[in-house]
Amino acid sequence: MEDASLRVEAIEKRFGSVPALNGVTMDAGPGITGLLGPNGAGKTTLLRMLATVLAPDSGTLQLLGLDPTRSAERVEIRRRLGYMPQEPGFYRSFTAFEFVDYVAILKEMTDRDERHREVRRVLDAVGLGDVSTRKVRALSGGMRQRLALAQALLRDPDLLVLDEPTAGLDPEQRLRFREIVSQLPHRPVVILSTHQTEDVTALCERVVVLAEGAIRFDGTPVELARTAEDRVWIREDRDDRAVLSWRMGDGRYRHIGDPPPGAALSPATIDDAYLLMVGGTADREGVAA
Amino acid sequence: MSWHADTDLFDRYARGQVDAATAASLESHLVACAHCRARTSRMVEAEPLERIWTEVRADVERPQLALLERLLSAAGLPEHTARLVAVTPALRAPWLLAVAVALGFAVLAAHGGGGGPLAFLILAPLVPVGGVALAYRNSADPAYEIALASPGGGFRLVMLRAGAVALASIAIVGVATVLLPDVGWTAVGWLLPCLALSMLTLAGSTASASPVTVASVLAGAWVLGVLVAERVAEQQYLAFGAGAQVLFGALAVGAAVVLVLRRDRFELRTRI
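Chains A and B, in that order, give the protein sequences.
If you read the first sequence in the working numbering, its first letter stands for residue 1, the second for the next number, and so on.
If you read the second sequence in the working numbering, its first letter stands for residue 1001, the second for the next number, and so on.
Source of the hints: derived by calculation from the structure; they are not laboratory data.
Every value quoted in this text rests on a predicted model; they were computed, and no experiment measured them.
Since no wrong hints were added, every one of them can be taken at face value.
Okay, the calculated beta carbon distance ranges per label pair: (1) B:Arg1092 <-> A:Tyr253: 56 to 64 Å; (2) B:Val1217 <-> A:Asp258: 53 to 61 Å; (3) B:Ser1073 <-> A:Thr133: 20 to 28 Å.
C-beta atoms are modelled at their ideal positions from N, C-alpha and C, and glycine is treated no differently.
Just need the whole structure built from these sequences, with the hints factored in.
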């Protein structure tokens, strides 16, 4: 049987003297896994490795049961991979159709009629069927983001790597994006990075929190929220003993950390858990993107 | 107006049994009348309509081929390969024009100035080198990362584009060579240095350096080397003579071997 999973073991990566990943080990199977972390946590570096474009300094990767450092196996992975980079570049003078058609050629679709049918299918899937003849430069930011997703969906990939796919989308577009990804018919392995906790709640079966190049948490979104249980309290004024605190809409303050005795505890959300986990690192501008 | 077409007429229209004048009259009514449009749509079979719509859409969406792409296809290149080559930035008009103008001046200088064809011979091998470097550097391909993660990206794409640029440049330089004053075989002495420098640019780029940097260093070394040889050696055009040709031929082969051995560097990057 074909191996439909990925496995990453003890991955290290440095850019010059700056460490980007410090011994990351994780695995993932079919379904959606969210990679959550602040800017500079190493998410993009890790996803580039999963997309077979960047080599680690040390450690091993198995993608769909294949080794991306071996030339023949890497080509096989790429045949079954869809990748949406964080800043997907476009030939801006191409139409939306021409751009996806160009990527389809790179994905070895040499039969023109069959290729054009596939291009139409993915453009329709992301809701760009009606603007397919519009030049990329005339598309809005949200449309370009969907165009980048469309090319990643070509040939129904078994492994879908999406780097911050919801960045720059408005709430309605985010909703549409989540629908597209969660309704992919044959349940590929999907790894997506985000720093939006709502994406994780709404979309991911599994969440991995990455901060400063290391994995801080690996489990379900519910389990993530549970890590902050009994560590969230609310007060009328700010409590300096908290790891983090912020003013809420009603004027009161929400605190996370070790609550003082008698504090008014509040149910923990994923947001609380995530901030508690990366608190202090979230503000620091990170190392590698 | 409250006139509507009758059901019998619709039925005959849907089956294609009305004459052209009646059909035209009915169609102009349909454009204006939502009520009748809704009634007709129920009578027309969905399948052929869907087929027609798909064909219309395919016609509208079909990519407009650029001139270069049409030329490449006419020259026998498969449609998909022609597309990959045609988007190479160095094959665009501004670069080709700049090359032609520079060579034009060098040819004029060869006829008028005191240096003979030396300026031309120095410049000629650098044209393809510049093109190859521009074709390959990452920033030249806006969709670089997407291409790299595709089975058809990486080494194959780099070679395809570099080859296309080298061929186009060599063709232009070749035409200019015919216009040179007669200096015998020396006039084509640029060809092997050109191959060697282009291959060295690509081979050098596997060492994590930008191809533009590698090309610039090589170009500098080439110009300096030729000028020094002209000054020091007793023989004119030493860098384009038989001995030098053997040397550049060997360099080209050596660089090609390095390139093939290190082709993985074009596929899996150590940094992006």
